[in-house]
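Two independent chains are provided; combine them into the complex using the hints.
Keeping their order, the protein sequence lines are chains A and B.
If you read the first sequence in the numbering used here, its first letter stands for residue 1146, the second for the next number, and so on.
If you read the second sequence in the numbering used here, its first letter stands for residue 7, the second for the next number, and so on.
These aren't lab readings, by the way, just hints derived from the structure by calculation.
It should be emphasised that the depicted structure is a prediction, and the values quoted were computed from it without experimental measurement.
Calculated cross-link-like contacts (lysine-lysine; reagent style DSSO-like; alpha-carbon spacing at most 27 Å):
| id | chain 1 | residue 1 | chain 2 | residue 2 |
| --- | --- | --- | --- | --- |
| 1 | A | 1666 | A | 1827 |
| 2 | A | 1564 | A | 1666 |
| 3 | A | 1820 | A | 1566 |
| 4 | B | 27 | B | 79 |
| 5 | A | 1566 | A | 1827 |
| 6 | B | 79 | A | 1566 |
| 7 | A | 1666 | A | 1821 |
| 8 | A | 1375 | B | 27 |
| 9 | B | 79 | A | 1564 |
| 10 | A | 1566 | A | 1821 |
| 11 | A | 1666 | A | 1566 |
| 12 | B | 79 | A | 1666 |
So, partial list: chain A residues that the calculated Cβ filter (under 8 Å) puts toward chain B:
| id | residue |
| --- | --- |
| 13 | 1230 |
| 14 | 1267 |
| 15 | 1424 |
| 16 | 1427 |
| 17 | 1463 |
| 18 | 1557 |
| 19 | 1563 |
Glycine is no exception: its CB is placed at the ideal position from the N, C-alpha and C atoms.
Now for the letters of each chain:
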Amino acid sequence: MGLTASSTGKAALDRPLILRRERPDDRVLALAGNPNVGKSTVFNQLTGMNQHTGNWPGKTVANAQGRCEQEGHGVILVDLPGTYSLMAHSAEEETARDFLCFGEAEGVIVVCDATCLERNLNLVFQILEITPRVTLCLNLMDEAQRKRIQIDHTRLEQQLGIPVVPVSARSGRGLEELLTRALETLETPPVPPAVRYPLPIEHSLERLAPAVTPLLSSGCSLSPRWVSLKLLMGEEACLGPLGISWEQEATLLEIRQSCWEELEQNGIPPVQLPDRITAALVMRAEELSRETVHSESSPAAERDRRLDRILTNRWTGTPIMLLLLGVVFWLTIQGANLPSQLLADGLFWVQDRLSEFFCWANAPEWLRGLLVDGCYRTLAWVVAVMLPPMAIFFPLFTLLEDFGYLPRVAFNLDHHFRKAKTCGKQALTICMGFGCNAAGVTGCRIIDSPRERLIAILTNSFVPCNGRLPTLIAVLTMFFAGAVAAPYQSFISALMLTGLILFSVLLTFWISRLLSQTVLKGMPSAFALELPPYRRPQIGRILIRSLFDRTLFVLGRAAAVAAPAGILLWLLANLHSGDQTLLQLCADFLDPLGQLLGLDGVILLAFILAFPANEIVIPILLMTYLSAGSLMDYTSLSSLQALLADQGWTWVTAVSFLLFCLVHWPCSTTCLTIKKETGSWKWTAAAFFLPTALGMLLCFLFHSAVQLLGIGG
Amino acid sequence: MNQTVYPLNELPEGQTARVAKIQTAGSMRRRLQDLGMIEGTAVCCLQKSPSGDPIAFLIRGAAIALRNEDSRKIFVC
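Bound-form chain B, shown alone (with noise of 0.2 Å):
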């Protein structure tokens, strides 16, 4: 078990990873876990919008966009 792990913004566009560690604070935080976003939990990058920034992640069969800021402090690998 001793596979890369990269931020979330970086996953390629209709690629599935798994979250292996969140390190944003607060109501981010919270906001992730009410959408079912946890350690373990499979994302997979759905589009980005036209400035790249925020960028749509399939979470738990719904689309979310995050924004990069947030997105770089999900790890996943």
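Bound-form chain A, shown alone (with noise of 0.2 Å):
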């Protein structure tokens, strides 16, 4: 649920990104590593920002920058997606490895994974290629303390010959050391001794580099040794930016021409060099990590194992998942009902008391109407329906996250996406749809085949986002857990609610399945999914985050878009044309649609109308219903019933309702966010006709079904 500003705002948009600087002296700091090893963590403790953090790989897919001041510098840090290396093969790795060479980062820190240092240190082996102006940071030190992991990092240093600092980003330890060091290498770079390559190799670098050096503009800080790396592994299509026309430095070709056929002759075929160079790295890595790093085996990597054991078993792998998504949303639904109760019960005696001064001061009425029963009562609304589960379902969805659940539930449900022929990090993707549609769908990126990656966001939006979670809940609770006694009703609720996201996740296999074989066909391409250690959550930290970060951003923009319909809300129901309000004219006119559909014309205006933001369905709803005549209060959601039942809702519409909300066109965000995404208008009107078509078909088939069998209420 990567849902911040910046992820889902406009600064999303920023690609390439521009540095902004406060000062023109700032230095430029970008911040590598493989996925999961904490940078987000590190970058937002050292620039105050709230980066979105959870544990899986991948959360980072768009370049982050901050500012911050050290001894009175300061200094812009960019945070680059987790890769695990720079031979590009996937969107990130190609971000960050552009940034890297082509960007204006005048140095580098490397965060590496203390508890898993070898495979790390590959990464810091192809940066150090590229530019010797680079910290090494031993993030989660903390960690593998627990796990009786000891790192020799004076000698890790004096081996790599660049800064090493450990550190414990979560706590902050260390971090002041990190930035000062990392400094330091910008005035004076370390000289890091080159990893080796076989000896062949080696020769024909030696043999490029004279021949490449002269091509490098004085300003550029590239090394010639990776230059020359890259033109013999004939990847200079990654070079492009330097804006070197290689075919037609003859010279330089000859020479590459007759180095290749030197190393055939010494038996390592051109084809083979990618092979060769990896392993001299993995070789390297291996040898430096038994020189340096300590490690028993440790109870923490054993419970790892016996609650992998537990969490995707074969016979309880699957029970586990539902119950905990059961249990999420127990607690959302049972727990938000009090606080709904007193704030509707306190927005609505402030609604009294604005209407009973705009009285006072003599205001004409049209004006009271406008912003109090418009702009202030759909605002009331939202933030009385919103809010409290939102509240309450974002910190214990961030519980998990933390925790390390959602990789585990990729890793149950592969077999299922890979059935329907596309990647079980689609399920990590399905998360986060659950915070937000849009943050789903920019998750996307983490999706390394483009095939699947398309699925995947046309997809999306078939899960709730938590704008329409709270309006399910509403629905649910009002027509169907209403029957039974109070103490289960929340209960019941919840279990309908797990058996409705159940059907949305269905729902995603079948179309996932059904566009992989018309108009997206081919096969699941290659799959290596991390499990990360679990962690122990900042519970105080998430309360806080998941507060201020998620639950106010997604109120803050309902409420935005509240207030204008709002006011629309109200032209439309007091202007008049003819003798009808323009309200019921346009109710009327989608009417017919709507009874097809087991609706009504005035639940299709809400939908169209809530278009900005899926939050204010309801209210919208309410203030038609309202404004159409019979006033009442709220007072709890039987009245809300109440007053639906007067409208004509029987259980029929109430299902009917559920449907279209669970399957209809994305939110004006996501469907801005699926066209930066694909850069496609055609893909996007597909994302947004596709889930339309469906929700209609089955209203319409539901409705059918139930006039044919004569049910309906």
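Okay, structure coming up:
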């Protein structure tokens, strides 16, 4: 649920990254590292920002930047997406590599996971080939200690030839030293020894480098050795931004040709170069880690394995997954009841006082109507209906996320995704969709294959986002759980909501499969999913972060839409054309279509007006019904149900409403994000019309079936 | 050195073996190399998923899930 202003708002549009310097002498440092090593935590701690963090690989998908001050220097930090290597074969690796090579970074901090140093060193070596101004941040030292892993960082520093700083980013330990030493590398660049490749390769590099050096402009910080390596591997495409037309450098190409022939004679055909080069890096990492890392088998690693055996086991894996989902929903529904009630009471008390104030001030009646009945009341509905469930659901979900459970969901469900010929990582983007579909769509960047990414994007809006969950909960509770005795009500609601979510996930599978077999044909691509160690969630931080960063952000967005929508609604309900209000006219116009779907014109109108934010469907609905005459105060959900029943709602209407709420067009923010991610209006249109058509079809089929069977209430 | 070589997906849970040959090509091969899996690397089978596919392996200290269609092209001994 990478849901912050920066992941869904305008900031995410800033690609390619434009650095925002406050002072001309601000230094620029890039933060690189493997996925899920705590880069974003380091970034947040240093800059005081709130880039989303969570225990699964691939949260940071776009470059983020922040600024901090250290000893009078301004430093701009750029948080790069996590990558295992720079031999770019995915979008985020390309982003990271291009920024390191051709961006404005003056130095790099490579964040490494101290509990898994050996693999992380591979990336360190690759970055060292590009620039010597590198500082190694040995993060998660606290965790390494718990796992009884000891790292001789002084020796590591000697061997690597660059500063190595042990850090525990979550508690902030070591960060100041990290920044100081990273800034030092900008003044006096370290001279790290290069990883030696097999002799024939080294020989080729020695021959190429002198021919490459004169081509690189004086301002270019790339090392000739690295450029030569890329040329030798035939990967000059990734050197594009240098602006050199390699095909015109005849001498250089001749040297390369003769190098290739020489390599071939020495038993290294050019196709084997990537293998040999990676092997050299991996072996060096192994050697270095043998010298500097000492680990005993630890109870923590054992505990992870035991937990995995329970959470992903053949017999218990799936039931536990469903149970957790159900419990999260139950807590949300049960917990939101009372606060919702109190908020509604309070906010409508204020509404009455506002009305009195307008009367006392002799304000014109239309002004009072517009501002109080229109604007304020819609806002109040949004806050009362939306805030409590969001304030409970977000932190609970973040808790699971921080703990490291989400990748296990992907692990458990991959089999089903493979059947749909897509990628298990889609499970992660679905989970993000629970928070906000726009964030879910952006998150699809973690999926490597373009075909599978597109499918994940097109189907993301099938899972109800946080703007729709409270709507679903309200209708479920009103129409279906109402018959049950009070203590079990929330339990039944949760059960039904879980069922509804399962239905939306099944729908995702079916539609993904359908797409895979028709317009987006193809086989599933490479899949390697990292299951990170479980981490103890930071409960206090989660509460604060999810409340302020996400809940209030989402609520703010909804409120920003609700206020003008309220004014528009009031105008529609009070301006007349002939003897009908405009609202009635619109609703009447939509009514035939609505009836066909088992809904009515007002419901369709509510969904259309809620295009900017799904949160306001129920408020619009109520406002519209209320303005139609029967005035009523909000006392409880059952009074809402009475109001809806007055307007002709039956259980059939409710089911159709739930179906349509689950499957209809994505909100405007999501549509814009899809346009941004796919770069195509065609796919955006597909993402808009696919769920719309499907939702209408489902509603129509359901309504027709009920009528045929004659069981409609 | 005449040990039997078998596909990685047949490695029983909890057991460790060494990679003898990697027969995947293209992006999967690169991905495995990024994770530090080359010939000679020790791999431990940690856990099968509920459906038996994918399977999680311990590769250089990290738990990585691989699909059977990929792991059957990696041979261990």
